[in-house]
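Peer 1: Line order of the protein sequences matches chains V and U.
Position one of the first sequence corresponds to residue 1 (the working numbering), numbered consecutively onward.
Position one of the second sequence corresponds to residue 1 (the working numbering), numbered consecutively onward.
If you're looking for bench data, these hints aren't it; they were derived computationally from the structure.
A quick note: this is a predicted structure, and the numbers were derived from the prediction, not measured.
Careful: at least some of the hints might be erroneous.
Below, a list of computed lysine-lysine pairs in the DSS-like style, where the Cα atoms sit at most 27 Å apart [claimed, not checked]: (1) U:38 / V:7; (2) U:272 / V:3; (3) V:3 / U:350; (4) U:26 / V:340; (5) U:305 / V:145; (6) U:99 / V:26; (7) V:99 / U:115; (8) U:7 / V:42; (9) V:339 / U:26; (10) U:145 / V:33; (11) V:115 / U:3; (12) U:7 / V:145; (13) V:145 / U:26; (14) V:175 / U:272; (15) U:272 / V:145; (16) U:99 / V:33; (17) V:339 / U:99; (18) U:7 / V:33; (19) V:38 / U:145; (20) V:38 / U:38; (21) V:33 / U:340; (22) U:384 / V:145; (23) U:38 / V:115; (24) V:272 / V:175; (25) U:33 / V:340; (26) V:115 / U:340; (27) V:26 / U:145; (28) V:339 / U:33; (29) U:272 / V:272; (30) U:339 / V:305; (31) V:123 / U:33; (32) U:145 / V:145; (33) V:99 / U:33; (34) U:38 / V:145; (35) U:42 / V:33; (36) U:3 / V:26; (37) V:3 / U:99.
Number of protein chains: 2
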Amino acid sequence: MDKPSIKIGILGLGTVGSGVVEVLNKNGSDIEKKVGRKIEIKDILVRDISKKRKTEVPQHLLTTNPDDILENPEIDIVVEVMGTIDLARQYILKAFENKKSVVTANKDLIALHGKELFEAAEKAGRDLLFEASVAGGIPIIRPLKECLSGNRFTRIMGIINGTTNYILTKMSRDKMEFDDALAEAQRLGYAEADPASDIEGLDAARKIAILASIAFNSRVTYEDVYVEGITKINSYDIRYAEELGYAVKLLGIAKEADGELDVRVHPVFIPKSHALAAVSDEFNAIFVEGDAVGEAMFYGKGAGKLPTASAVVGDIISAARNLSFGMPGRVGCTCFYSKKIKPIQEIESKYYLRLLVEDRPGVLASIAGVFGNSNVSIASVIQKRIEKDMAEIVLVTHTVKEANLRDALKIIEGLTIVGNIGNVIRVEGSDT
Amino acid sequence: MDKPSIKIGILGLGTVGSGVVEVLNKNGSDIEKKVGRKIEIKDILVRDISKKRKTEVPQHLLTTNPDDILENPEIDIVVEVMGTIDLARQYILKAFENKKSVVTANKDLIALHGKELFEAAEKAGRDLLFEASVAGGIPIIRPLKECLSGNRFTRIMGIINGTTNYILTKMSRDKMEFDDALAEAQRLGYAEADPASDIEGLDAARKIAILASIAFNSRVTYEDVYVEGITKINSYDIRYAEELGYAVKLLGIAKEADGELDVRVHPVFIPKSHALAAVSDEFNAIFVEGDAVGEAMFYGKGAGKLPTASAVVGDIISAARNLSFGMPGRVGCTCFYSKKIKPIQEIESKYYLRLLVEDRPGVLASIAGVFGNSNVSIASVIQKRIEKDMAEIVLVTHTVKEANLRDALKIIEGLTIVGNIGNVIRVEGSDT
Chain V
1 MDKPSIKIGI LGLGTVGSGV VEVLNKNGSD IEKKVGRKIE IKDILVRDIS
51 KKRKTEVPQH LLTTNPDDIL ENPEIDIVVE VMGTIDLARQ YILKAFENKK
101 SVVTANKDLI ALHGKELFEA AEKAGRDLLF EASVAGGIPI IRPLKECLSG
151 NRFTRIMGII NGTTNYILTK MSRDKMEFDD ALAEAQRLGY AEADPASDIE
201 GLDAARKIAI LASIAFNSRV TYEDVYVEGI TKINSYDIRY AEELGYAVKL
251 LGIAKEADGE LDVRVHPVFI PKSHALAAVS DEFNAIFVEG DAVGEAMFYG
301 KGAGKLPTAS AVVGDIISAA RNLSFGMPGR VGCTCFYSKK IKPIQEIESK
351 YYLRLLVEDR PGVLASIAGV FGNSNVSIAS VIQKRIEKDM AEIVLVTHTV
401 KEANLRDALK IIEGLTIVGN IGNVIRVEGS DT
Chain U
1 MDKPSIKIGI LGLGTVGSGV VEVLNKNGSD IEKKVGRKIE IKDILVRDIS
51 KKRKTEVPQH LLTTNPDDIL ENPEIDIVVE VMGTIDLARQ YILKAFENKK
101 SVVTANKDLI ALHGKELFEA AEKAGRDLLF EASVAGGIPI IRPLKECLSG
151 NRFTRIMGII NGTTNYILTK MSRDKMEFDD ALAEAQRLGY AEADPASDIE
201 GLDAARKIAI LASIAFNSRV TYEDVYVEGI TKINSYDIRY AEELGYAVKL
251 LGIAKEADGE LDVRVHPVFI PKSHALAAVS DEFNAIFVEG DAVGEAMFYG
301 KGAGKLPTAS AVVGDIISAA RNLSFGMPGR VGCTCFYSKK IKPIQEIESK
351 YYLRLLVEDR PGVLASIAGV FGNSNVSIAS VIQKRIEKDM AEIVLVTHTV
401 KEANLRDALK IIEGLTIVGN IGNVIRVEGS DT
């Protein structure tokens with residue numbers, strides 16, 4: 001192999017950065033054969049050169065000056081694994097100005113500034129690759145942009161946050177309450193000290209924005225996504241889900257109907273027979289529906305040092321092949337439409353509802369009457385006496401408009417026979 | 001879009017060919033935006049121009065002369081969806097001679113003549129893409145060659161034959177016997193009138209040969225694969241699997257250890273907790289283990305008109321992008337090693353064994369003694385009296401060398417206390 005090596009600069013040497021260095025070191029000779037050229041790490045941007053590190057890196061590769069990478073004419077590919085939004089954005093834009101291809105694992109950045117970055121990439125005629133930004137090691141972005149690109153997609157549903165899937169698995173399998181499951185996730189390092197971004201659904205919202213943009217060829221940003229987290233799910237909901245034949249999962253969902261997009265993150269009841277229902281613990285999976293492929297699912301670890309590095313290195317190899325063939329920018333931005341985002345009130349769904357009501361004759365009839373007046377049709381009801389004078393009613397609706405359900409709930413909340421509305425959870429993935 | 005269109009010629013207008021035409025017609029305007037150039041069907045090779053067809057195709061596109069496609073300088077990409085081996089090989093070689101990129105769905109051809117075809121593609125500097133040859137619509141070849149190409153793979157296990165998965169699902173879920181399940185699969189069109197290629201494992205063998213070649217960067221052909229079908233599985237095996245916590249699946253398996261490959265197709269017991277165990281009916285799934293990504297799985301429909309067309313059209317788009325950028329041949333053959341194939345006697349596995357023996361004291365001790373002498377260590381035993389004087393013993397071994405197990409079975413078969421060896425099935429996917 002006498003061709004010159006492809007030289008990369010890495011911004012950041014945290015968990016993912018160290019993983020990238022390890023994978024390139026370990027599998028470098030095979031990667032060289034696959035690409036036809038050696039991939040050589042030229043510089044790594046760190047905050048503190050003297051810091052002790054677990055991954056062995058020759059000292060002379062480390063720098064604290066980003067321009068050693070961004071302005072270095074020798075460097076072909078910039079690998080951004082430092083996180084942050086503003087600084088990363090600024091560095092990546094500079095990399096494109098200097099005609100470098102860019103690989104990033106930064107979902108926050110892509111979900112927020114994707115448009116600007118893709119335009120800069122296109123202007124530079126270089127690649128912007130970001131497979132690692134969604135679901136870590138699971139190949140999903142390239143499959144959507146290439147393998148499945150002959151499809152018109154109708155739906156994407158993903159378990160794209162490992163922390164919440166771990167918590168929900170614990171609540172269901174080990175009958176834990178939310179707080180205890182969260183505490184255990186924190187103890188095991190699956191949840192951060194400040195878990196808000198995970199449990200409130202914000203992390204999943206960034207990822208579904210990215211997936212929706214690719215699948216529906218229309219830019220969806222973080223702000224476009226309707227979000228509910230899992231903090232209101234309790235053991236009653238888990239138990240009723242079980243009884244009704246469902247699993248409880250936090251899903252990122254994106255659908256297209258009549259040219260409008262419906263993009264959201266919230267807990268769902270999903271039938272146990274659905275492929276996503278069996279995805280447990282910290283695993284992720286993305287379920288895709290296309291008009292040609294039908295149903296397909298991609299499953300694996302959505303986070304972690306080496307799984308994420310796997311995706312980053314796959315992108316480095318792809319960018320290197322493109323440079324080798326003199327054709328970077330081969331697959332650019334594919335958001336050539338500008339589709340309207342449907343407000344949550346306009347979506348249609350089935351719903352699971354749990355209500356605490358007075359336990360006396362006629363109560364169910366009153367409630368059913370309110371739903372009927374709002375055009376909310378009920379598919380099934382379980383009524384259970386739980387304590388003296390009060391009963392819990394669990395309802396599952398047919399597919400109805402969310403606005404109609406909300407209208408009905410406002411009236412039901414005001415009824416004197418109703419103690420409280422325990423929870424309302426959308427039902428997804430069933431056929432009717 | 002003023003760039004000239006990319007022109008394709010399609011060899012064959014059977015099920016898959018019609019699907020390709022339908023998908024290109026239906027989603028053509030989006031595909032044009034994604035590629036930046038229109039994809040235009042120029043000619044389609046058929047056997048009988050006057051035949052009535054379900055898919056509407058303008059009469060002037062049809063030809064019975066392959067050279068209208070292979071020798072037509074206007075045509076950029078040849079799409080081979082006609083099947084057969086010799087004729088397809090000859091046409092594809094001619095297409096490369098005439099500097100055309102080739103997309104094929106022909107697993108028999110790739111599994112048998114892959115090497116020759118890749119060399120011809122490389123010589124021509126053109127693409128040979130074959131995503132549809134394994135697991136229909138499921139993206140697996142491009143993910144292995146690109147997204148996951150930073151990994152060193154340790155194992156691939158796939159449910160890659162829908163017919164046998166349907167039959168095994170029926171046997172397990174509906175307690176059917178093999179013959180009845182096969183008859184039902186034939187009635188529903190999941191199995192062919194002559195089902196040998198599916199139920200004997202030959203179809204799966206071709207697919208695992210292709211996957212192993214890609215994952216381990218070493219050419220594996222159909223002849224290298226050790227094959228057992230599912231015809232010997234009966235309801236006893238299914239019932240014992242259930243009792244022991246396993247599902248029965250026909251898997252294509254490829255592993256690398258110490259630089260040697262172990263490639264085989266046979267029924268397995270796989271723990272119910274394994275992701276593959278839940279893959280039911282006619283669905284396919286491919287489970288991959290890499291040193292960076294860890295475990296990943298790809299799930300979907302492995303056959304059918306539109307799922308297969310989805311993969312073919314994805315490849316057409318990829319080939320078109322490469323031509324557009326003036327870089328066909330971007331990812332060529334990656335079999336740069338020549339690894340030894342391990343004979344089946346040398347593999348290591350756990351085994352499930354079902355033996356009919358005399359029901360009297362000391363029998364189990366004798367059998368256990370034979371296994372012990374052959375270094376076969378037993379993990380668990382279930383003994384059941386089934387009729388007067390005869391009992392069924394079900395054993396699961398620890399991981400042992402296949403040669404040792406075969407030695408032991410030869411001796412056990414000759415013992416007067418043993419009625420017969422009911423079945424021997426390998427156990428896969430468990431940790432210990």
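Peer 1: Could you run down the list of hints and mark each one as holding or not?
Peer 2: Verification of the supplied hints:
A hinted pair counts as satisfied when its Cα atoms are at most 27 Å apart, and residue 38 of chain U with residue 7 of chain V does not qualify at roughly 35 Å. Using a Cα cut-off of 27 Å, the hinted pair residue 272 of chain U and residue 3 of chain V is violated, with the two alpha carbons roughly 49 Å apart. Between residue 3 of chain V and residue 350 of chain U the CA atoms are separated by roughly 47 Å; this puts the pair beyond 27 Å, and the hint is violated. Of the pairs offered as hints, the one joining residue 26 of chain U and residue 340 of chain V holds, with about 22 Å between alpha carbons and a cut-off of 27 Å not exceeded.
At most 27 Å may separate the alpha-carbon atoms for a hinted pair to count; residue 305 of chain U and residue 145 of chain V meet this at roughly 21 Å. The suggested pairing of residue 99 of chain U with residue 26 of chain V is violated, with an alpha-carbon distance near 37 Å, which exceeds 27 Å. A C-alpha spacing of about 37 Å is found between residue 99 of chain V and residue 115 of chain U, which places the hinted pair above 27 Å, so the restraint is violated. The suggested pairing of residue 7 of chain U with residue 42 of chain V is violated, with an alpha-carbon distance near 42 Å, which exceeds 27 Å.
Between residue 339 of chain V and residue 26 of chain U the alpha-carbon distance is near 20 Å, which keeps this suggested pair within the 27 Å criterion. As the CA atoms of residue 145 of chain U and residue 33 of chain V are separated by approximately 12 Å, the hinted pair is consistent with the 27 Å bound. Distance hint between residue 115 of chain V and residue 3 of chain U is fulfilled; the C-alpha atoms sit about 25 Å from each other, no more than 27 Å. At most 27 Å may separate the alpha-carbon atoms for a hinted pair to count; residue 7 of chain U and residue 145 of chain V meet this at roughly 21 Å.
Distance hint between residue 145 of chain V and residue 26 of chain U is fulfilled; the C-alpha atoms sit about 18 Å from each other, no more than 27 Å. The straight-line distance between the Cα atoms of residue 175 of chain V and residue 272 of chain U is roughly 21 Å, inside the 27 Å bound, and the hint therefore holds. A distance of roughly 33 Å separates the Cα atoms of residue 272 of chain U and residue 145 of chain V; the hinted pair therefore is violated under the 27 Å criterion. Among the hinted pairs, residue 99 of chain U with residue 33 of chain V is consistent with the structure: their alpha-carbon atoms are about 25 Å apart, no more than 27 Å.
In summary, the hint linking residue 339 of chain V to residue 99 of chain U is not supported, as the alpha carbons are separated by about 40 Å, beyond the 27 Å threshold. A distance of roughly 32 Å separates the Cα atoms of residue 7 of chain U and residue 33 of chain V; the hinted pair therefore is violated under the 27 Å criterion. Between residue 38 of chain V and residue 145 of chain U the CA atoms are separated by roughly 17 Å; this keeps the pair inside 27 Å, and the hint holds. For a cut-off of 27 Å, the pair hint linking residue 38 of chain V to residue 38 of chain U is broken: about 36 Å separates their Cα positions.
Taken as a hint, the residue 33 of chain V and residue 340 of chain U pair is honoured in the structure, with Cα atoms around 19 Å apart against an allowance of 27 Å. A distance of roughly 55 Å separates the Cα atoms of residue 384 of chain U and residue 145 of chain V; the hinted pair therefore is violated under the 27 Å criterion. With a C-alpha separation of about 25 Å, the suggested pair residue 38 of chain U and residue 115 of chain V falls inside the 27 Å cut-off, and the hint holds. Our distance criterion of 27 Å between C-alpha atoms is met by residue 272 of chain V and residue 175 of chain V, whose separation comes to about 17 Å.
The hinted pair formed by residue 33 of chain U and residue 340 of chain V meets the criterion: a straight-line CA distance of about 19 Å does not exceed 27 Å. For the hint linking residue 115 of chain V to residue 340 of chain U, the alpha-carbon distance of about 49 Å lies beyond 27 Å, and the restraint is violated. For the hint pairing residue 26 of chain V with residue 145 of chain U, the CA-to-CA distance comes to about 18 Å; that is within 27 Å, so the pair holds. For the given pair, residue 339 of chain V sits about 15 Å from residue 33 of chain U by alpha-carbon distance, which is consistent with the 27 Å threshold.
Distance restraint check for residue 272 of chain U and residue 272 of chain V: the Cα-Cα separation of roughly 15 Å lies within the 27 Å cut-off, and the hinted pair is therefore satisfied. For the proposed pair residue 339 of chain U and residue 305 of chain V, the alpha carbon gap of about 30 Å is over 27 Å, so the pair is violated. Taken as a hint, the residue 123 of chain V and residue 33 of chain U pair is honoured in the structure, with Cα atoms around 18 Å apart against an allowance of 27 Å. The straight-line distance between the Cα atoms of residue 145 of chain U and residue 145 of chain V is roughly 15 Å, inside the 27 Å bound, and the hint therefore holds.
Between residue 99 of chain V and residue 33 of chain U the CA atoms are separated by roughly 25 Å; this keeps the pair inside 27 Å, and the hint holds. For a cut-off of 27 Å, the pair hint linking residue 38 of chain U to residue 145 of chain V stands: about 17 Å separates their Cα positions. A distance of roughly 37 Å separates the Cα atoms of residue 42 of chain U and residue 33 of chain V; the hinted pair therefore is violated under the 27 Å criterion. Taken as a hint, the residue 3 of chain U and residue 26 of chain V pair is broken in the structure, with Cα atoms around 43 Å apart against an allowance of 27 Å.
Straight-line distance between C-alpha atoms of residue 3 of chain V and residue 99 of chain U comes to about 25 Å, which keeps the hinted pair within the 27 Å bound.
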